[in-house]
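With the sequences and hints as input, model every part of the structure.
Heads up: the sequence shown begins at 4 in this note's numbering, then just goes up one per residue.
Hint data in this document are derived by calculation from the structure and do not stem from the laboratory. One should not assume that every hint holds.
What the hints assert, rightly or not - Okay, derived cross-link-like pairs now, SDA-like style, lysine to any residue, Cα gap no bigger than 20 Å in a straight line:
no., residue 1, residue 2
1, LYS142, ILE25
2, LYS425, ARG475
3, LYS144, ALA177
4, LYS411, VAL479
5, LYS85, ALA65
6, LYS11, HIS24
7, LYS144, GLY180
8, LYS11, ILE25
9, LYS503, GLY478
10, LYS144, LEU170
11, LYS503, GLN257
12, LYS144, SER160
13, LYS411, ARG497
14, LYS11, ALA538
15, LYS503, VAL396
16, LYS425, LYS144
17, LYS503, ILE455
18, LYS411, GLY393
19, LYS142, TYR71
20, LYS411, LEU489
21, LYS85, LEU64
22, LYS85, SER63
23, LYS503, TRP454
24, LYS411, GLY383
25, LYS85, ALA97
26, LYS144, GLN257
27, LYS425, ARG444
28, LYS411, ARG390
29, LYS142, HIS24
30, LYS425, TRP454
31, LYS144, VAL182
32, LYS503, GLY480
33, LYS503, ARG444
34, LYS425, LEU407
35, LYS411, HIS457
36, LYS11, THR23
37, LYS142, LEU166
38, LYS142, THR23
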Amino acid sequence: VLGQFEVKVGDPVRIGAFTTHIAGALRKVPGETVAFATLAPRVYLRLGDLDQTGLLQQGSLARYRRLYRFPDGTDVPALVEKHRARLDALRLSATTVQERKEDLGQSMRNLHHFLNLVGFIALLLGGVGIASAIHVHVKQKLPTVAVLRCLGASVSSAFGIYLVQALALGLVGAALGTVAGVSFQQLLPRIVADFVPVEVDARVSWPAILEAAAIGFLVCLLFALLPLAAVRRVSPLQVLRVAYEPARRRDPLQLATVALLVLTVFAFALGHTRRWQDGLGFAGGLLIAFGALAAMGQIAVRTARRIRLAGWPFVIRQGFASVHRPHNRTLLLVVSLGLGTFLLLTLHLTQASLLKEWISGRESGRPNAILFDIQTDQRGPVADLVRAQGLPVVDEAPIVTMRLTRIKDREVQAILGDPASKLPGWALRREFRSTFSDRLRDSEQLVAGAWIDHVDPAQELIPISVEDGIARELGVGLNDELLWDLQGVPLRTRIASLRKVDWRRVQPNFFVVFPRGPLDDAPAFHVLVTRVESAEDSARLQRALVAAFPNVSAIDITLVLRTLDQILEKIAFVIRFMALFTVVTGVVVLVAAVVSGRFQRAKESVLLRVLGASRRQVLRILMVEYATLGLLASGTGVVLAVAANAALATWVFEIPFHLPWAAPLTAIASVTSLTVLTGWLASRGVTRQPPLEILRSE
4 VLGQFEVKVG DPVRIGAFTT HIAGALRKVP GETVAFATLA PRVYLRLGDL DQTGLLQQGS
64 LARYRRLYRF PDGTDVPALV EKHRARLDAL RLSATTVQER KEDLGQSMRN LHHFLNLVGF
124 IALLLGGVGI ASAIHVHVKQ KLPTVAVLRC LGASVSSAFG IYLVQALALG LVGAALGTVA
184 GVSFQQLLPR IVADFVPVEV DARVSWPAIL EAAAIGFLVC LLFALLPLAA VRRVSPLQVL
244 RVAYEPARRR DPLQLATVAL LVLTVFAFAL GHTRRWQDGL GFAGGLLIAF GALAAMGQIA
304 VRTARRIRLA GWPFVIRQGF ASVHRPHNRT LLLVVSLGLG TFLLLTLHLT QASLLKEWIS
364 GRESGRPNAI LFDIQTDQRG PVADLVRAQG LPVVDEAPIV TMRLTRIKDR EVQAILGDPA
424 SKLPGWALRR EFRSTFSDRL RDSEQLVAGA WIDHVDPAQE LIPISVEDGI ARELGVGLND
484 ELLWDLQGVP LRTRIASLRK VDWRRVQPNF FVVFPRGPLD DAPAFHVLVT RVESAEDSAR
544 LQRALVAAFP NVSAIDITLV LRTLDQILEK IAFVIRFMAL FTVVTGVVVL VAAVVSGRFQ
604 RAKESVLLRV LGASRRQVLR ILMVEYATLG LLASGTGVVL AVAANAALAT WVFEIPFHLP
664 WAAPLTAIAS VTSLTVLTGW LASRGVTRQP PLEILRSE
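Take a look at the structure:
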């Protein structure tokens, strides 16, 4: 307001008939949203000075708000509910502190559940790493197990030895994770200090700590049991041939462990989502992702075994063939890398879709200023003034006010007096601000019926287009009749079409649209939307409007849009921060998988070097293998992420599906590069191993 009128603190101002001076400027109004304060900028006066302004006269529109403090122990929500009928009859609204707490609490609970699920995915990804580490460990120890069996050890004893090792590692990991989590919790208040307007007091919750440690330990145990089952299938006869005849039959313990893992995923998802449908969808989608990635890993191995790249350079042929070599890590790397890519890209694409659909003041061309109460004879001059300021006229529309008096064959007053009626009172009592137009706006989509752009003004039954949401509220559909009162003139209408309206767009949107003809000469005022690029442009426009057209009001919602962007950025930061744990976990799993196969790769590099391959060729072969695996895993994760984003946009957020191609391509390039870089760092020492040293170890 200060910028609009070019005034500063201490300047004299006149409000109505009262002259005073500006004592200060407010950036935010306590207890009020920035959006509401921006739509109706506030000027605060002492209550005792209000009468001197002369603003409260016959016909003035005023809203009164009264705050109450009840004695301690009063059940305020019950008291309000007791008098709800009388409040509704007097058209009074009431809100309690408890309602505001519940609104905020529900939003925070939804975010809490979502972050729990993201963390659980990171935990499952860590479980994949555990299974890999145990698998490699067991593979190396199978000859030892066979020797123990020859010396008389039972199956249960041999299995118990390695199970105790896995349990000990799980306990140590859960303890270290608990310490790290509690330490991070103490730093969290500093991280969110700029996000929330209150001080966050970090307290240690022992039940939460025990729950987290128990879940981590359980996942560790379940994933460790999968590869440990191989110990139970080792016979004494395999001492000499364990490396060449691995058992292929399924172990009942493995099947039971897989079933328990699936049940754990579903139980956690159902317990940490608001609706059971969301929990089933999350768990089902996660299992589909795991299954698709595992299937892709198996397909890659079989494809690499069958394809012959005759004529290709030796390095590429050998690197591609390494995908199906014995003791390969193809399946593990595809699942871990693909799952990390899938999760992070899904979150990014969903956020991008929401940001694109939600109002954003940074988008070029999107209107962010509204001029209303323009009289019919002012349309042209006001539009010329806007263009003279160097601003575009994005859209304009006439507004005709009317009330609904009859729905089908029932009078509105009769419906309001019927206690059995389920129609909403707000829709029956409200004053509809309708328009007439010969076109659909870009925020409207025809969902039923036929659009009629023009009719004879003398036509008795006027075809109209109704927004599908208000049609459902009123219980009407195509060809139903509605009777309107236009300042005493009855208008008979028939619903010719239903429209879906995007109410988030900053442009004229209406419940009811008439065709051109019947309302062209009706009393109306007009609205115009434009776009200002800065606060200075907005202030200059409003000063020009005040000077030339005092009756025209302007609303600059730039601050509203900026506030929404800030909120979304904070939410996005939290999502990215939590997703970072999954990415870090995926990197750790990747490094562990590479390091676990280090000895096998050293043996292969020795054989290649004995056959005449140089160190550079060996390293290039490894890089080709890692590039192939990274490309395969990231590509599969990208496909899954795009499908998940399309499902979320369509069925959860109910917004159009948008795919920014830069994000999937960047994900593929980044993950592939990270895989190659990690493989190179972890394999640097492999080519330096002397051939004789490796051969002697046999």
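Status of each hint after checking the structure:
1. LYS142 <-> ILE25: Roughly 80 Å between the alpha carbons, so the hint for LYS142 and ILE25 is violated.
2. LYS425 <-> ARG475: holds (12 Å)
3. LYS144 <-> ALA177: violated (25 Å)
4. LYS411 <-> VAL479: holds (8 Å)
5. LYS85 <-> ALA65: The hint is violated at about 27 Å.
6. LYS11 <-> HIS24: Roughly 10 Å between the alpha carbons, so the hint for LYS11 and HIS24 holds.
7. LYS144 <-> GLY180: violated (28 Å)
8. LYS11 <-> ILE25: With a Cα-Cα distance of about 7 Å, the restraint between LYS11 and ILE25 holds, given a limit of 20 Å.
9. LYS503 <-> GLY478: Roughly 16 Å between the alpha carbons, so the hint for LYS503 and GLY478 holds.
10. LYS144 <-> LEU170: holds (17 Å)
11. LYS503 <-> GLN257: violated (52 Å)
12. LYS144 <-> SER160: holds (14 Å)
13. LYS411 <-> ARG497: Holds, at about 9 Å.
14. LYS11 <-> ALA538: Distance of about 16 Å is within 20 Å: holds.
15. LYS503 <-> VAL396: violated (24 Å)
16. LYS425 <-> LYS144: Roughly 72 Å separates the two Cα atoms, so the pair is violated.
17. LYS503 <-> ILE455: holds (16 Å)
18. LYS411 <-> GLY393: violated (49 Å)
19. LYS142 <-> TYR71: violated (72 Å)
20. LYS411 <-> LEU489: holds (18 Å)
21. LYS85 <-> LEU64: violated (29 Å)
22. LYS85 <-> SER63: violated (32 Å)
23. LYS503 <-> TRP454: Roughly 13 Å between the alpha carbons, so the hint for LYS503 and TRP454 holds.
24. LYS411 <-> GLY383: violated (39 Å)
25. LYS85 <-> ALA97: Answer holds: LYS85 to ALA97 is near 12 Å, not above 20 Å.
26. LYS144 <-> GLN257: Measuring from Cα to Cα gives roughly 19 Å; hence the hint holds.
27. LYS425 <-> ARG444: violated (32 Å)
28. LYS411 <-> ARG390: Violated, at roughly 45 Å.
29. LYS142 <-> HIS24: violated (84 Å)
30. LYS425 <-> TRP454: violated (29 Å)
31. LYS144 <-> VAL182: violated (32 Å)
32. LYS503 <-> GLY480: holds (13 Å)
33. LYS503 <-> ARG444: Holds, at roughly 11 Å.
34. LYS425 <-> LEU407: Holds - the C-alpha atoms of LEU407 and LYS425 are around 17 Å apart, at most 20 Å.
35. LYS411 <-> HIS457: Violated, at roughly 23 Å.
36. LYS11 <-> THR23: holds (13 Å)
37. LYS142 <-> LEU166: holds (14 Å)
38. LYS142 <-> THR23: violated (86 Å)
Going through the hint list in order, the structure does not satisfy hints 1, 3, 5, 7, 11, 15, 16, 18, 19, 21, 22, 24, 27, 28, 29, 30, 31, 35, 38.
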